[in-house]
Amino acid sequence: MKISIIIPAYNVERFLGTCLDSVLAQTYKNWEVLLVDDGSTDGTPAICDEYGKRDGRIRVWHKENEGLSDTRQFALAFATGEYVLCLDSDDCIHPDCLERALSHVNEGCRTIVCMGYAYVPEDFSDYRRSYNDKADCKNLTPIQAIRSIDEDENDEADRVGACVVWGKLYPVRFFDHVSFPEHVRLHEDQKINHRLFAQAEKIVHDPAPVYFYRTREQSLIRKSWRPERLYIVECYTDRLECVKEYANTEDGKRLIELVYRRLLICIIRNYAQMRQNLRGSERRKQSHRLTSRYRQLWKENRKIELPLKKKQVLWMFRFCPLFVAFLFRLRG
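For the record, in the sequence shown the residue sitting at position 235 is 346 according to the numbering used here, with numbers rising by one throughout.
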């Protein structure tokens, strides 16, 4: 089976060589790289062209800057593999990554493989380092996989690993029904992963850390709150509509309750962060936007049962948003 590796590249001249070298080092050889220079202004375009000349499996495009989401969608149109792997251009993968991922896949099976990952420092280059390959893998149903995005018992790293698209092997045909959102530069993963999980027969979670996520101070996710972050509310709303399809089972009902509760909490947290970061008319505008959306969602989903202890605070936000936001800030 052939794997199409999608690598959007924007101003990553310091890291792109390591990323591409880690692909060239793969023990599994039947792959193609869809390398898209997203309007870079540094030396990234030249590095893309250099590697494209070095290996015919690396296909290169140059286009105007549109962001990660649009660039991934652009690359998908050129994929010729049966499976797709998203690799960020400042990250890299262990030489065993593709071979290990494909070991969990049967031809014709609607399987998603979620590979384990490790946070590495900005100067990381040792993608050949050893890892524990005896870790136990788990086979998840779509309900279990979607639940892992928001599961209360999971720590932050587990939830991040579930919601992102990088480090996962997807059947390319799943993207016939799911597209990356247009003109979105934050939380684009949150909008599609639940839709991709819902199409799978099984989702394999292999915790072996064969994907290396580089932590950078300039990463988009590390920047302070701004109105664009409110797109996460639309992501959760879409996830809620997606999981309502499972309302005929007890596990599905519990999943619906979890996603709905996370959606409400997401709005409250954004409200609290917004109040700390904005002033004047813009703060009033965003306050009205969030509280109105919250009340609308509460009205539309009144039949969803929430745990009593948690429902009390969530109920209160409709009438006393400032007080509830203060409580959330105290809790961190």
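Hints listed in this document are in silico derivations from the structure and should not be mistaken for laboratory results.
Misleading hints may appear alongside valid ones.
Only pairs whose alpha carbons sit at most 25 Å apart, straight line, appear in this in silico DSS-like list of lysine-lysine [as the list claims (entries may be wrong)]:
| # | residue 1 | residue 2 |
| --- | --- | --- |
| 1 | K245 | K140 |
| 2 | K396 | K364 |
| 3 | K174 | K396 |
| 4 | K313 | K364 |
| 5 | K414 | K396 |
| 6 | K249 | K164 |
| 7 | K249 | K364 |
| 8 | K164 | K174 |
| 9 | K355 | K245 |
| 10 | K410 | K364 |
| 11 | K313 | K113 |
| 12 | K364 | K422 |
| 13 | K355 | K396 |
Being a predicted model, the structure only gives us computed values, none of them experimental.
Quick rundown of the hints versus the structure:
no. : hint        : in the structure
1   : K245 / K140 : holds, 24 Å
2   : K396 / K364 : violated, 35 Å
3   : K174 / K396 : violated, 35 Å
4   : K313 / K364 : holds, 20 Å
5   : K414 / K396 : violated, 29 Å
6   : K249 / K164 : violated, 40 Å
7   : K249 / K364 : holds, 22 Å
8   : K164 / K174 : holds, 18 Å
9   : K355 / K245 : violated, 37 Å
10  : K410 / K364 : holds, 18 Å
11  : K313 / K113 : holds, 20 Å
12  : K364 / K422 : holds, 16 Å
13  : K355 / K396 : violated, 31 Å
Hint compliance for this structure: hints 2, 3, 5, 6, 9 and 13 are broken, all remaining hints hold.
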